[in-house]
Amino acid sequence: MRKVAVIGVGLTKFGELWDVSFRQMIIEAGARAIEDAKIDGKLIDAMYVGNMSAGQFISQEHIASLIADHAGLIPMPCTRVEAACASGGLALRQAVITVASGIHDIVVAAGIEKMTDVMTEQTTEALATAADQEWEAFVGATFPGIYALMARRHMYEFGTTEEQLAKVAVKNHHNACFNPCAQYQMEITVEDVLNSAPVNTPLKLLDCSPITDGAACVILAPAEMAKKFTDTPVLITGTGQASDTISLHDRPTLTGLAATTNAAEIAYKMAGVGPRDIDLAEVHDCFTIAEIMAIEDLGFCKKGEGGKVTEQGETAIGGRIPINTSGGLKGKGHPVGATGIAQAAEIVLQLRGEAGKRQIYGAEIGLTHNVGGSGGTAVVHVFKRGD
Amino acid sequence: MAVPRFWREIPNRYNLIGTRCGKCNKVFFPPRYICPRCRRIGKLEPYKLNGRGKVVSYTITHVAPNGFEDQTPYALAIIELDEGPRLTAQVTDCDPNKVEIGSRVEVVFRRIGQEGEDGPIHYGYKFKLV
Amino acid sequence: MDVGIVGYGVYIPRYRIKVEEIARVWGADAERIKRGLFLEEKSVPGPDEDSATIAVEAARNAVKRAGINPQDIGAIYVGSESPPYAVKPTATIVAEAIEATPDLTAADYEFACKAGTAAIQTCMGMVGSGMIKYGLAIGTDTAQGAPGDPLEYTAAAGGGAVIVGKDGGQTLATIEDTYSYTTDTPDFWRREMRPYPKHGGRFTGKPAYFKHVLSAAHGLLRRLQLTPKEFTYAVFHQPNGKFPLQAGKELGFTKEQIMPGLLTPKIGNTYSGASMIGLATVLDQAKPGDKILVVSFGSGAGSDAFAITVNDSINAKRDAAPKTADYINNKTNIDYSTYAKFRQLLVR
Chain A
1 MRKVAVIGVG LTKFGELWDV SFRQMIIEAG ARAIEDAKID GKLIDAMYVG NMSAGQFISQ
61 EHIASLIADH AGLIPMPCTR VEAACASGGL ALRQAVITVA SGIHDIVVAA GIEKMTDVMT
121 EQTTEALATA ADQEWEAFVG ATFPGIYALM ARRHMYEFGT TEEQLAKVAV KNHHNACFNP
181 CAQYQMEITV EDVLNSAPVN TPLKLLDCSP ITDGAACVIL APAEMAKKFT DTPVLITGTG
241 QASDTISLHD RPTLTGLAAT TNAAEIAYKM AGVGPRDIDL AEVHDCFTIA EIMAIEDLGF
301 CKKGEGGKVT EQGETAIGGR IPINTSGGLK GKGHPVGATG IAQAAEIVLQ LRGEAGKRQI
361 YGAEIGLTHN VGGSGGTAVV HVFKRGD
Chain B
388 MAVPRFWREI PNRYNLIGTR CGKCNKVFFP PRYICPRCRR IGKLEPYKLN GRGKVVSYTI
448 THVAPNGFED QTPYALAIIE LDEGPRLTAQ VTDCDPNKVE IGSRVEVVFR RIGQEGEDGP
508 IHYGYKFKLV
Chain C
518 MDVGIVGYGV YIPRYRIKVE EIARVWGADA ERIKRGLFLE EKSVPGPDED SATIAVEAAR
578 NAVKRAGINP QDIGAIYVGS ESPPYAVKPT ATIVAEAIEA TPDLTAADYE FACKAGTAAI
638 QTCMGMVGSG MIKYGLAIGT DTAQGAPGDP LEYTAAAGGG AVIVGKDGGQ TLATIEDTYS
698 YTTDTPDFWR REMRPYPKHG GRFTGKPAYF KHVLSAAHGL LRRLQLTPKE FTYAVFHQPN
758 GKFPLQAGKE LGFTKEQIMP GLLTPKIGNT YSGASMIGLA TVLDQAKPGD KILVVSFGSG
818 AGSDAFAITV NDSINAKRDA APKTADYINN KTNIDYSTYA KFRQLLVR
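Chains as they are written, first to last, in the working numbering: chain A, 1 to 387; chain B, 388 to 517; chain C, 518 to 865.
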């Protein structure tokens, strides 16, 4: 198995991109990544693209062909990967495995979602298809509802408070101010979060990640080839994936995601590191409670202490374990299929020392954590600064 | 929801009919067709649950999905049935603020939703506080 | 006839709206209305209830009380003037929800407020003739009251179910006989696609309700050679609290015989459920040997009269399911805006 490196990253701005179509977004992200890698497009051997719901958002399936076509890459093999909100992370994993196995050399992992071409009600309905249609969606459950059930139980079992949840959103908005690609560039306060409209108690509007358009792209190469393209290769030293029940009610616990813990265990083992070795992480904060559970499930703190740890600033830029320096899904935006790739892009930029005002100095090892649905899929990657 | 998909689950939804593994005796609701423990050697048969249980977690839904807007605010809960399985369902017939973790509940037959004004009406299970 | 009641059950939704609250909105005199109708408040179905869900709960209670295997039910008839579908029977939804399918016949009935008792008569014939072992008759409604119309004070929601079976040890009451009086009298109707019924005002009194109720009662008493004195209870269809007392008085029944089965003051007029629920509440308290007269009335018009004798096994069976009083007393009052939201008078 060969070592795998990232040689280029590219992202569009994340937000409500009225003027930009699905096709235009992927081309923009791809072009930036190719520019960053200083590579000739002809050298790309294969592509994996993560996308949850092009069929429901823009009535388009078969997007692998569409993208290969419009990116000018045919007849290169292109594969669409879907795992709800973990589509991007899963596309990255497929790309890593492909390069590591030796079947292809230069492989692109991309992610894209165009969510604003339909009305909000349809967007919410499309997202809800990641839940169990017969036994969750059918009875009136939505994603905010399902995560709210987890939040309520977490508060009951561990005393986590709504203020602690709010602090996750406040931190991520703050971080996003330093990220030019982020959807939101404004600070918010705990008061703002607590006073925002209730969606599913205890979660309010500002506890929830937004609806976003965006695309992101990373280019992978075998580590031995990476120096040909970049002075600052970043290695992907671990990849892990796990599945779990699709519905929340079928799991033994409501306060943590076994898929996260299982995926992380595999990735840590492969990378030969543990949680203590991680300098920063991009975790899946689709809702504030998700970040709190994620830092527990990834081993950055004890189960039940995620709220306290956040409150005490340990996950802020400058804290013990900075989480979501990009702004996370909350501040940066959550174009579903692109999120997993955007997380990888952030870690790569940080490990290269190119993260500007949100830079974590001396960062050597980073982690990304991408979840599908309410935890039916989780994908974890570990990155190391190449030298 | 397509008519055949709704129709297939009618006995399960109206009467809380799940499945039970003849080998390890584990009860499943919603019904499963393979026992995750016994897999190939498991033998699943229909099993009717008695409809009583307790609330494990709950949330009050203010922003509802399509078709549920006229019921907000409603309490959505994960309920653990006495026989073991957990399911997601609304708790109805009460002030939603009265629902607590640990509340005892009992199943009732209610209108879940409809497919627009022209479509079929979906009936199924909800729970009430006892 | 050799048939009787094997089980019975009711369901009444928990919400109530007071006369005062409706009167407040329309600027009417609440006290005058309460006196005139002899009514305090009416039941209101919740947003996830309809005449099918009510029918299912009432039927489940009846099956519980009967202690029978639902697979032995050979026929289900559901009577309503507010079915959830214009075309698609409620009876099959009930059949599935009480696990009586697939060996049975079923249909829905409409005859304004007497659709449920017409169903009882059909079941009597089918059981008596040996066609089926048990028949389930249900009257259920979530009545529509046009805003500002006098009927708004009384149009309520509820359902009653009766399981008919062959007499002998199992029946908790014997149905001695039934007699009906039917004519084409357009006192109250609703045209296709119209949301609310119309009525003939004062015409709904003497030529409609009273003519048919009194004629049916007379007809049955004459046939059975019985007088009012021999009955312990008399249950009349109850569109308001006054009509049953007036009809009873004209027939020679006392207030004491009528009041136990008169629930309209507390829950309003449950339409197809009314006579069935009135009968159920009497069965909840009657003693073996008591005779009950039930006379329903359906606009259009007709009355079904039944003479029922309570048997010994009532004591053992009555507590097997919630009693009518349990539903009447389990209540939450709502205001007019909540009522309007629940009844879909205001739609988002």
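FYI, nobody ran anything at the bench for these hints, they're computed from the structure.
Incorrect hints may appear among the rest.
[Said to hold, decoys possible] List time: in silico EDC-like cross-link candidates among lysine to aspartate or glutamate, alpha-carbon distance up to 16 Å:
hint	chain 1	residue 1	chain 2	residue 2
1	A	Lys3	A	Asp279
2	C	Lys605	B	Asp480
3	C	Lys848	B	Asp480
[As the list claims (entries may be wrong)] Distance windows between CB atoms, simulated:
hint	chain 1	residue 1	chain 2	residue 2	range
4	B	Arg426	A	Glu224	39 to 45 Å
5	A	Ser65	B	Pro391	27 to 33 Å
6	A	Lys228	B	Ile421	48 to 54 Å
This one's a predicted model, so the numbers in the text were calculated from it and none came from an experiment.
Backbone N, C-alpha and C define an ideal beta-carbon position, used for all residues, glycine too.
Violated hints, by number in ascending order, as checked against the structure: 1 and 2
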